[in-house]
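Number of protein chains: 2
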Amino acid sequence: MNESRPPVSFQPPSRVLLGPGPSDVSPRVLQAMGRPTIGHLDPEYLRLMDESRRLLQQLFRTENEMTIAVSGTGSAGMEACVVNLIEPGDRMVVCVNGVFGGRMKEVAERAGARVVTLEAPWGETIDPQQVAAALESYDDVKVLGIVHAETSTGAHQPLEEISRLVHDAGAFLLVDAVTSLGGMELEVDAWGIDACYSGTQKCLSCPPGLAPVSFSARAVERILGRTTPVQSWYLDVTLLARYWGSERVYHHTAPINMSYALHEALTLVAEEGLAARIARHTENHRRLRVGLEDLGLEYIPSRSLTTLNAVRVPDGVDDARVRRRLLEEFGIEIGAGLGPFRGQAWRIGLMGASSRRSHVTLFLAALSQLLADERAH
Amino acid sequence: MNESRPPVSFQPPSRVLLGPGPSDVSPRVLQAMGRPTIGHLDPEYLRLMDESRRLLQQLFRTENEMTIAVSGTGSAGMEACVVNLIEPGDRMVVCVNGVFGGRMKEVAERAGARVVTLEAPWGETIDPQQVAAALESYDDVKVLGIVHAETSTGAHQPLEEISRLVHDAGAFLLVDAVTSLGGMELEVDAWGIDACYSGTQKCLSCPPGLAPVSFSARAVERILGRTTPVQSWYLDVTLLARYWGSERVYHHTAPINMSYALHEALTLVAEEGLAARIARHTENHRRLRVGLEDLGLEYIPSRSLTTLNAVRVPDGVDDARVRRRLLEEFGIEIGAGLGPFRGQAWRIGLMGASSRRSHVTLFLAALSQLLADERAH
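Going line by line, the protein sequences match chains A and B.
Under our numbering, the first residue of the first sequence is numbered 1, with each subsequent residue one higher.
Under our numbering, the first residue of the second sequence is numbered 1, with each subsequent residue one higher.
Derived by calculation from the structure, the hints in this document are not laboratory data.
Do not rely on the hints blindly, as some may be mistaken.
What the hints assert, rightly or not - Computed spacing ranges between beta-carbons, pair by pair:
{"hint": "1", "chain 1": "B", "residue 1": "Tyr138", "chain 2": "A", "residue 2": "Val249", "range": "39 to 45 Å"}
{"hint": "2", "chain 1": "B", "residue 1": "Leu41", "chain 2": "A", "residue 2": "Glu374", "range": "39 to 45 Å"}
{"hint": "3", "chain 1": "A", "residue 1": "Arg226", "chain 2": "B", "residue 2": "Leu224", "range": "53 to 59 Å"}
{"hint": "4", "chain 1": "B", "residue 1": "Leu224", "chain 2": "A", "residue 2": "Val8", "range": "20 to 26 Å"}
{"hint": "5", "chain 1": "A", "residue 1": "Leu41", "chain 2": "B", "residue 2": "Glu161", "range": "34 to 40 Å"}
{"hint": "6", "chain 1": "A", "residue 1": "Ala190", "chain 2": "B", "residue 2": "Pro88", "range": "38 to 44 Å"}
{"hint": "7", "chain 1": "A", "residue 1": "Glu65", "chain 2": "B", "residue 2": "Asp168", "range": "48 to 54 Å"}
Just so it is clear, the structure is predicted and the values come from calculations on it, not from any experiment.
No residue lacks a Cβ here, since even glycine has one placed at the ideal position from N, Cα and C.
Generate coordinates for the entire structure from the input sequences, incorporating the hints supplied.
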């Protein structure tokens, strides 16, 4: 218990957040977050929750009543979706083409699912024919889990055909939309998604700490009909529903100030308009892509997200040195490669408030200078 | 998807938080929380984590390396402690004398524990002889869980003798310190606590959203020796340790701004000094107790916490009306009774920044006026 060094208030350095999240947070959201805390059963707070739910429904493009923010980061959202939908022994198909599909498999196994994995090479997407074949081989599939926007590879997964196959087989579709919600097209109702989760620190440009989730009425019915309790008390949707619903039964103390931040972030989305926001993400992605390709960089995924750009580290370039210099000399954070892409990939996020032309311009100019230095090295 | 009402920024009302949590948050903590978000792998953020861990160790009065903040509210801390220590089929004794012991039983059952419950009437504490008898009856007890500060009843549970019994039986002691950490004496090392969890929104006067936890070296050894994976991926301490440790392996995106707030709250504790802070809580509790008893109110627990005061609603007084008038006319929040105390108890928290003389004075004066009105009703 070393009490020698007295602590001092933390002053974060100035950063341009172009990594895989968190993204830049708007001053309005920061300001909202710093407003005085009130009680989680205060009538004014309950009003805030109701309005946030309405805004989340617009964002997810759904009428699902069970659309809430789970009190944890995106991975808690993943776990909430899996442990509520899965009972021990249930068959679940998990599509794995990067870190987050792999994580979903791990979470499903820990929930007692009998997991069948469908794999695609990192950077590629899952082919609907793989899904069709799996649903052919196993007649007891309860849930298929898939990642819409794979943050580790930048791959953009089409979902509509897969959704049709999953529903034809009588199964439930669980979708990871952590890096797409609020930045790319995502249609929970129109695409027939039964459970969808995201995080606040990506395209919503809110600090990390909440996980927006949405469950279809059909999924809720399945959850209410479980014969075993949900293994997690904290993430049990049937209990959370009683707090978010009109009963207002105390479950756990909601992260009040994070909820202020999310509400303000959702307000900003509503002000901009979801379609305009998605178009902005597309436009800045194109600007970045042209610039990166001009610098000789190559995109990894065959079908790239607009929110996250994964490119190969050029031969002869020191991955870590470039990232360190970007951070130290320009205040720019980008992401390193994960897993098999370690040392091989850069992941450049243009999400939410970070998806802006001036950031693209600054980043390309900075990278150009550093790559010239690398070549001279 | 009703898009008619345009959202507006949320402006919380002015409140004096004298409920069971959240407590008033210092402007310095709010300011820290609103500072710009940086990345969860940023060297500056990692430095903040290291310093926060050191401050948490001082607060828990422990040298435990595995002392961290779990990314969820206090109940996530409870679940983290239980699911890491328990493997399916393990015998766990859970002491229940209020809501939170009951919750621990529920969490333990969902983790597959064979639970033995020791009960005491609400408001009373668990007698060490009950513990001794249970440990006599069952020779396979792995973990005993108990609530140090029962927020639903205001009862203050002594732990030292129980700890000795638990360790003599070769079991592990798991303690809920949600409402005591940072406000009352709590000695993780000296009392031999193996796993301890708390929340940020009580005596630390930080917004809710993080759960400080501490595991003894012995508990960590047990967790590392598990034969089954921890059922929760999100709360798996072995994975969290690799992010908090020198390896810095990415697990999930930490709630950055909540960590700023916690760091600032811990800084405030260090500035005040833990002993002085505990003395302040004792002093304001005494002031309140004298005032409440002067008003004819009766404390429920035989041994009261200094952080949370549970009193009986006097006969002929309308519980809900008084609480509503306190909120609407004075901006004061107090807590209602839970479970069997519904409509029967008021819970008045004096925690962290809310434990101040002027709040005690205001509350007693306001309550006195409202009780006079009730009697005239």
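Hints and how they fare:
At about 33 Å, the CB distance of B/Tyr138 to A/Val249 disagrees with the hint of 39 to 45 Å. The hint said 39 to 45 Å for the Cβ distance between B/Leu41 and A/Glu374, and at roughly 22 Å that hint is violated. As the Cβ distance of A/Arg226 to B/Leu224 is approximately 32 Å, the hint placing it in 53 to 59 Å is violated. The hinted range of 20 to 26 Å is not satisfied by B/Leu224 and A/Val8, whose Cβ atoms lie roughly 35 Å apart.
A hinted range of 34 to 40 Å holds for the C-beta pair A/Leu41 and B/Glu161, which are about 36 Å apart. Our hint of 38 to 44 Å for A/Ala190 and B/Pro88 holds, since their Cβ atoms are close to 41 Å apart. Here the CB-CB span from A/Glu65 to B/Asp168 is close to 52 Å, well matched to the stated 48 to 54 Å.
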